[in-house]
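Colleague: Residue-level listing of the chains:
Number of protein chains: 2
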Amino acid sequence: MSNKSTATRRKTPLRNAFYAQSGGVTAVINASAAGVIETARRYPRQIGTVYAGRHGIIGALTEDLIDTSLESPATIKALRHTPSGAFGSARFKLKGLEQNRAEYERLIEVFRAHDIGYFFYNGGNDSMDTALKVSQIGEALGYPITCVGIPKTVDNDLPLTDCCPGFGSVAKYIAVSTREAAMDVASMARTSTKVFVLEVMGRHAGWIAAAGGLAGSKASDAPHVILFPEIAFDKPAFLAKVKHSVDTNGYCVIVVSEGTHYADGRFLAEAGTRDAFGHAQLGGVGPVVANMVKEELGYKYHWAVADYLQRAARHIASKVDVEQAYAVGKAAVEFAIAGRNAVMPAIIRKSSKPYRWSIEAVPLAAVANVEKTVPRNFITADGFGITAACRRYLEPLIAGEDYPPYKNGLPDYVRIKGKSVRRKLKTTWKP
Amino acid sequence: MSNKSTATRRKTPLRNAFYAQSGGVTAVINASAAGVIETARRYPRQIGTVYAGRHGIIGALTEDLIDTSLESPATIKALRHTPSGAFGSARFKLKGLEQNRAEYERLIEVFRAHDIGYFFYNGGNDSMDTALKVSQIGEALGYPITCVGIPKTVDNDLPLTDCCPGFGSVAKYIAVSTREAAMDVASMARTSTKVFVLEVMGRHAGWIAAAGGLAGSKASDAPHVILFPEIAFDKPAFLAKVKHSVDTNGYCVIVVSEGTHYADGRFLAEAGTRDAFGHAQLGGVGPVVANMVKEELGYKYHWAVADYLQRAARHIASKVDVEQAYAVGKAAVEFAIAGRNAVMPAIIRKSSKPYRWSIEAVPLAAVANVEKTVPRNFITADGFGITAACRRYLEPLIAGEDYPPYKNGLPDYVRIKGKSVRRKLKTTWKP
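Protein chains in written order, with the working numbering: chain R, 1 to 431; chain X, 1 to 431.
Simulated from the structure, these hints should not be mistaken for laboratory data.
There could be a bad hint or two in this list.
The list cannot tell twin chains apart, which means a pair is met if one copy fits it or any two copies do.
To be verified - Capping the alpha-carbon separation at 27 Å, the derived lysine-lysine pairs in DSS-like fashion look like this:
| no. | residue 1 | residue 2 |
| --- | --- | --- |
| 1 | K372 | K430 |
| 2 | K350 | K241 |
| 3 | K241 | K300 |
| 4 | K407 | K319 |
| 5 | K93 | K350 |
| 6 | K407 | K93 |
| 7 | K426 | K218 |
| 8 | K350 | K407 |
| 9 | K95 | K243 |
| 10 | K430 | K95 |
| 11 | K372 | K235 |
| 12 | K300 | K430 |
| 13 | K93 | K294 |
| 14 | K353 | K426 |
| 15 | K95 | K300 |
| 16 | K430 | K243 |
| 17 | K417 | K235 |
| 18 | K353 | K430 |
| 19 | K350 | K294 |
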């Protein structure tokens with residue numbers, strides 16, 4: 001009997017898993033990768049090998065798969081403290097099945113060649129939409145696959161989850177940097193810079209800008225002005241607020257979201273180029289706002305644009321964020337093994353003080369293409385600050401430090417070997 | 001005998017000390033303040049009270065002195081981990097004695113009113129010049145004072161000292177940030193940003209830009225291009241280097257000093273305003289360089305301008321830097337007590353591996369107005385990178401971490417009470 005059972009098991013090859021990183025990377029997306037890979041290794045009778053797409057979904061389409069089984073346990077463990085996308089990420093959005101059937105058929109061709117039965121897609125809003133589409137190919141194209149989306153986005157704009165892994169660490173970076181730079185400005189304001197502008201990410205959602213608000217606690221504390229994409233930019237009100245802050249405190253610190261726009265929708269700054277998802281590529285609202293202050297009020301100013309520094313800053317990651325990033329990766333594998341298709345592990349807040357959370361599965365269909373922006377009651381009446389409710393929401397997300405190891409004064413981040421799986425197909429993919 | 005001796009001592013009042021922070025603040029200038037104050041407290045029979053100028057030398061001219069004796073030992077200790085200038089700094093340069101005798105006479109009036117016999121001036125190049133001038137008023141204007149300059153500048157451009165406190169922490173911040181952002185770009189380059197530009201401080205000296213070079217170790221590692229103020233900008237050579245890097249590595253990371261200029265001296269970017277020292281206020285070379293790459297080579301780019309974030313980043317301070325900042329403050333008091341006028345504690349390197357250093361007094365006259373830029377043999381032949389000699393020099397300066405304590409996810413920086421000394425003069429100072 002037991003022999004027969006073994007034989008039977010051998011006849012049903014273990015199905016492998018495909019893991020891909022998608023969209024802008026974060027300080028903790030590799031912690032999710034570690035969660036996926038370490039958990040999959042704990043279920044050797046349920047999941048075969050985890051193959052990672054080199055540069056995300058592009059790796060699947062080009063049959064360029066990284067064999068994660070060749071990475072040592074130490075390497076996978078070190079991914080937890082390594083920022084960026086260790087396997088490469090991609091800005092590449094799959095179109096709908098009707099518009100681009102060939103791409104889905106190519107995916108199935110590659111998946112079939114490598115016995116891939118599990119699809120883990122680690123990304124943000126657009127990526128959850130892609131994950132949803134892939135989850136449907138089982139039925140639509142007759143290829144059985146269990147598809148789980150793993151949330152990741154510094155923008156924190158996915159619905160149904162308390163927050164998005166990646167956000168807490170950016171939030172901590174921006175809160176810390178705002179506090180530090182504001183102290184600098186306060187020291188110097190008597191004879192030098194009066195107005196400091198920090199530009200932060202956040203195209204449509206002002207969560208990162210809001211996190212700047214954690215730098216202070218009293219009304220006189222910096223930042224004195226936060227500009228949210230959720231609030232139409234009102235130039236006279238803004239200038240009055242800046243002047244009031246300089247008159248009252250001697251200086252003014254402004255945190256401005258890259259997505260800040262006028263009532264008619266025009267961004268304060270637009271670089272003019274568009275990314276692969278068709279979004280306008282922004283950048284430069286910081287100097288625009290600083291110049292506005294200089295021209296209208298005459299104050300000496302400085303401005304900073306944190307750009308990638310903010311989302312790559314693993315050196316000042318939030319401990320809670322790292323834990324959650326790992327937890328969603330781990331849960332994704334557990335959900336997949338339990339046969340749950342088209343879901344995403346979401347973080348459910350049980351309480352704020354102390355912060356308690358758990359992971360639950362939510363349907364991808366309810367997540368894809370829904371954007372969670374900062375609610376109006378999280379923004380003060382004048383539109384330039386955060387409320388106590390917002391602070392209560394944000395504070396737990398930046399809690400705790402999780403320092404990487406250092407070597408010669410620098411963080412000792414890991415690089416994967418990244419050995420490719422031998423190609424099985426003779427066909428190639430042409431975009 | 002002993003009674004008489006005590007009586008004699010009482011008749012000679014202890015002379016107080018004046019401490020001021022000057023110029024741009026740093027992540028560790030308060031560590032020097034802690035070194036001064038804690039050491040002075042250890043010599044109660046040699047030094048009376050340490051008065052700090054509120055906003056630097058302005059505090060002396062306006063008789064706005066902070067009584068540091070009212071700050072608790074815990075507060076002074078916490079200055080060691082607190083960035084910015086806790087007492088306020090100033091961009092205010094004293095002119096020569098001939099041109100502005102009135103200002104020196106005002107200083108003496110205030111110093112005499114408060115029995116100030118020691119002058120500690122914590123600043124950079126311009127400030128060491130001011131300290132030298134003040135050291136000369138004893139002879140020139142008949143007011144005995146012992147004057148010690150305390151080195152501080154993120155620019156690292158003071159001569160005779162191995163490095164300048166404040167620099168090591170900026171260097172660490174820029175090296176860490178460059179490494180992190182470069183990993184981000186490498187993850188995404190296949191379908192997104194190919195060129196990333198990080199603008200760093202350094203008006204005439206490229207030390208901070210050079211520190212970006214520590215992010216990598218192999219030729220293929222980021223940063224692939226460093227633009228120094230010491231090397232005239234050569235556009236065709238620069239573009240060729242960027243193209244080569246993208247062709248070879250798939251991406252290119254550029255660290256550009258704000259002081260980068262053409263052979264004729266024109267800065268790549270000039271904001272057009274000038275600070276109190278008459279220096280052009282720079283900012284914006286990052287986007288200028290990024291746009292140049294876009295226009296000439298067509299690559300998708302991102303850019304960051306770290307600005308004050310870099311010099312305020314106490315959260316990622318170099319342990320060596322913090323120790324040296326404290327040590328120069330401590331030594332300044334010891335030199336003053338020993339009666340050494342017109343000197344500056346300099347850091348003398350004994351060995352690089354392991355890094356061994358000591359503090360020695362150097363004459364202010366030899367320091368003031370001498371600028372130490374990056375020597376040519378620290379820059380690679382092509383002008384776009386750092387040599388092994390440069391790396392050997394820089395590496396010890398970013399060694400070790402010295403994390404501040406955290407509270408609610410944010411660094412717990414201290415604020416002084418900052419109580420003013422009662423004014424004794426009826427006269428006021430008018431600039």
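Colleague: It remains to establish, for every hint, whether it holds in the given structure.
Modeller: Results of checking the hints against the structure:
no. : hint        : in the structure
1   : K372 - K430 : neither (35 Å within a copy, 55 Å between copies)
2   : K350 - K241 : neither (37 Å within a copy, 53 Å between copies)
3   : K241 - K300 : within (16 Å within a copy, 36 Å between copies)
4   : K407 - K319 : both (21 Å within a copy, 13 Å between copies)
5   : K93 - K350  : neither (34 Å within a copy, 57 Å between copies)
6   : K407 - K93  : neither (38 Å within a copy, 41 Å between copies)
7   : K426 - K218 : neither (65 Å within a copy, 36 Å between copies)
8   : K350 - K407 : between (39 Å within a copy, 22 Å between copies)
9   : K95 - K243  : neither (48 Å within a copy, 32 Å between copies)
10  : K430 - K95  : within (15 Å within a copy, 70 Å between copies)
11  : K372 - K235 : within (26 Å within a copy, 45 Å between copies)
12  : K300 - K430 : between (53 Å within a copy, 22 Å between copies)
13  : K93 - K294  : between (41 Å within a copy, 24 Å between copies)
14  : K353 - K426 : neither (57 Å within a copy, 54 Å between copies)
15  : K95 - K300  : between (48 Å within a copy, 23 Å between copies)
16  : K430 - K243 : between (56 Å within a copy, 25 Å between copies)
17  : K417 - K235 : neither (52 Å within a copy, 37 Å between copies)
18  : K353 - K430 : neither (52 Å within a copy, 53 Å between copies)
19  : K350 - K294 : neither (46 Å within a copy, 48 Å between copies)
This entry does not satisfy hints 1, 2, 5, 6, 7, 9, 14, 17, 18 and 19, going by the numbered hints stated previously.
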